[in-house]
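Student: Sequence:
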Amino acid sequence: EFIFIIGFVHANEHSMDEFNFNYADADSYERELAEFYTYSEMDEFALNFECFVKYMREQKKEPFWNKLTRAEKCLIIQEMAAGFDSTEPEKRLQAARVILYIFQVCLFEI
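Just so we're aligned, residue 2 is where the sequence shown starts under my numbering, counting upward by one.
These are calculated hints, taken from the structure and not from any lab test.
Heads up, some of the hints might be wrong.
Said to hold, decoys possible - Derived lysine-lysine pairs resembling DSBU-like cross-links, with alpha carbons at most 30 Å apart:
1. Lys92 <-> Lys61
2. Lys68 <-> Lys92
3. Lys74 <-> Lys62
4. Lys74 <-> Lys61
5. Lys92 <-> Lys55
6. Lys74 <-> Lys55
7. Lys62 <-> Lys92
8. Lys74 <-> Lys92
9. Lys55 <-> Lys68
Model, not experiment: these values are computed from the prediction.
Working from the sequences, and respecting the hints, build out all of it.
Tutor: Dropping the structure here:
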């Protein structure tokens with residue numbers, strides 16, 4: 002019996018019978034995801050959102066990811082990926098924050 006942990010395979014020394022999991026207490030996807038974030042992570046989420054809004058306003062677009070066309074979304078992701086190659090640390094950080102916000106928003110759109 003094996004357990005996969007972040008891409009690594011470890012032999013399981015303990016039987017899974019030793020753990021008493023209660024799967025019946027699972028909540029909705031949105032609530033479970035919301036519980037995943039701590040208060041400090043919410044501050045980071047807000048900062049990522051601010052970076053996304055700033056970028057979208059610079060592009061003369063409304064800051065609503067789910068209202069963009071597929072082509073617009075692809076262009077934004079390509080531009081952010083290009084930002085990772087910038088020699089300016091602030092531009093790289095801004096690109097990373099925008100991408101993080103997009104990833105977080107996409108989870109809620111599922």
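Student: Could you work out which earlier hints the structure fails to respect and list their numbers in ascending sequence?
Tutor: none
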